[in-house]
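2 protein chains.
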Amino acid sequence: MEQQFIEWLKAKVGSDSRLDVGNGDDAAVLRPPAGRRTVFCTDMLVEGVHFPPAPDYDPFAVGQKAVGVNLSDVAAMAGRPEAAVASVTLPRQGGQQIAERLLEGMLAMASRFDVRLVGGDTTAWDGPLVVNVAVLGSVAPGTIWRRDAARPGDLLLVTGGLGGSLRGRHLEVEPRVEEARVLSSAFTIHAAIDISDGLTLDLSRMMEASGCGAELMLAEIPIHADAVEAAADHPEHGDPLARALGDGEDFELLMSMPEGQATQLLQAIAEGRLAGWPGTPLAVIGRVLAEPGLVAVAADGSRSTLAAKGYLHEFS
Amino acid sequence: MEQQFIEWLKAKVGSDSRLDVGNGDDAAVLRPPAGRRTVFCTDMLVEGVHFPPAPDYDPFAVGQKAVGVNLSDVAAMAGRPEAAVASVTLPRQGGQQIAERLLEGMLAMASRFDVRLVGGDTTAWDGPLVVNVAVLGSVAPGTIWRRDAARPGDLLLVTGGLGGSLRGRHLEVEPRVEEARVLSSAFTIHAAIDISDGLTLDLSRMMEASGCGAELMLAEIPIHADAVEAAADHPEHGDPLARALGDGEDFELLMSMPEGQATQLLQAIAEGRLAGWPGTPLAVIGRVLAEPGLVAVAADGSRSTLAAKGYLHEFS
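Heads up: the sequence lines are chains F and B, in that order. So in my numbering, spot 122 of the first sequence is number 122, and the numbers just go up one at a time. Just so we're on the same page, my numbering is the position in the second sequence counted from 1, plus 1000.
Do not rely on the hints blindly, as some may be mistaken.
Stretch by stretch, here's where chain F covers chain B in the computed footprint (C-beta under 8 Å, at least three residues) [said to hold, decoys possible]:
| hint | stretch |
| --- | --- |
| 1 | 1074 to 1087 |
| 2 | 1121 to 1130 |
| 3 | 1281 to 1290 |
If you want a taste of the chain B side facing chain F, the calculated C-beta under 7 Å gives, among others [claimed, not checked]:
| hint | residue |
| --- | --- |
| 4 | ARG1031 |
| 5 | SER1302 |
| 6 | TYR1311 |
Rather than coming from a laboratory, the hints here were simulated on the basis of the structure. Just so you know, even glycine gets a beta-carbon here, dropped at the ideal spot from N, CA and C.
Just chain F, same shape as in the assembly (with noise of 0.2 Å):
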């Protein structure tokens, strides 16, 4: 019974010094971190659609990527997620059960980057599972990472490794908030997007909105285990490469500074220097044009066109 569920909930989440209101009563009521803007998104997740039908899911990863997906969100602006909302439609039989490891894992992740679950709604349908979450945080104005900020002449670094993570990683977001956090601290990044609907399709989107193109050097590209061993398996879907230009779900960063700032990055992280970082891989894979477009150079130094590629949501 929902009453039950939200009285659970509160025993499980507890209260918080930044909360005057936390679950339980028609909204929650925070504490808005001083001199800092506000940060705000949702994304939903569908049964079949972002995770395996059932019995194939299990709802502890859900509730973790439900969360993580929407923390990646918070990082890619350079914010620091505080608080998530939930909503969740649960199947009529079961759903007691879905509904807690679903909680257990929205709380799991929740608490490794100190977010606080203040409220939520749930419903009950003879339908799959439906789960929402949206999350606030929040961002020094100064260091505000928006997408339509890159510039002629800037490099493109990325997080950790790409493609093929529907082999199971894409239940597995690791949100870069830390990486953001150090950062945004310490240099000049004039633009930033987390991937999500694949590597060409959300730098094209970032290219989109600042004016500009890009090239990508595709030797450079750090494509991931998961991407080789989806391309063996599956070699009529792509190889590696494509796979890690393509395949989408990684959320990882992807970001666009001045030059001069990326060498003393890359240099820093070398030496060990970057205080927090928390060791992630960071490679450069290319550079802002003032031509718009996609253009892949080769190891040789051949360039071609690129297509942009990745996970649309199509509806008609």
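Based on these hints, arrange chain B on the given structure of chain F.
Showing chain B alone in chain F's frame:
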């Protein structure tokens, strides 16, 4: 296509001085109003549960409701709504048309209350329509209306009329934002809740949270004309009073306030002295008791135990 939809949304929504970053980035960035606390809530609407199954729903009305129910929650904290984000999972067939009407409904409700739609997320699937809205608001620290602070001796007041909302009113939510603003700025309200699941159920929640009970004067319950008509059509589901006590989705404010304050308030309204009051009916329907539980007081003064009834989202 999703990207086209985002562009259309950006054009519709425009820019706003309260926004550092609006639609189309990973997250929105807002300037929090100085000296106020942040209110945060969310609500999910699913086809066939919160609105009729296709083709019997109007996406415009669904959009209005999706925003409206959240504004009602913000009002029930004495908050001022500021911004909203929406997630929509659309049927693949006809999704574009649904999305546009839905968004127009959201924008219509949002703009009535000066709320900005600052972001969202769209998915397509071969399933019914699911909509989630999360709303950010602000509230003065000294006048937050909790639900757990009713005190014995308080009078219970309710806005508007109750019951029969399924005849259509449940899709035409009138969030009591202005009423909450006027009342919170001039009077002491100990506790408040919005009636979403039914008067007696939501009253019992407020009383349980406050460690109190309540008596309701049955003759004073404001019965909506919809409840009378619904009872005439389907007498097997209860008389008009029973419907006012338990139907739910009224989205009216239920408030607990000191008797002296209530008297002053009613006088001010009766004499037309309450600046900004929108003319909404306001009724004293009962009183908070020290003893737990609900008591019905009939017109002849006889007392009986009242069961909390309303809408519960059952799952097991």
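Taking the hints in turn, this is what the structure says about them:
Residues of the stretch 1074 to 1087 of chain B lying with their CB closer than 8 Å to a CB of chain F number 8, which satisfies the three-residue condition for coverage. As drawn, the stretch 1121 to 1130 of chain B meets chain F at 8 residues by the rule of a beta-carbon pair under 8 Å; at three or more, the given contact holds. Counting residues of the stretch 1281 to 1290 of chain B whose C-beta lies closer than 8 Å to any C-beta of chain F gives 0; at least three are required, and the coverage claim is violated. Contact between B:ARG1031 and chain F, as hinted, is supported at the beta carbon level, the nearest pair being about 6 Å apart and thus within 7 Å.
Against a cut-off of 7 Å between C-beta atoms, the interface hint on B:SER1302 is violated, since the closest Cβ of chain F lies about 30 Å away. About 10 Å separates the beta-carbon of B:TYR1311 from the nearest beta-carbon of chain F, more than 7 Å, and the hint is not met.
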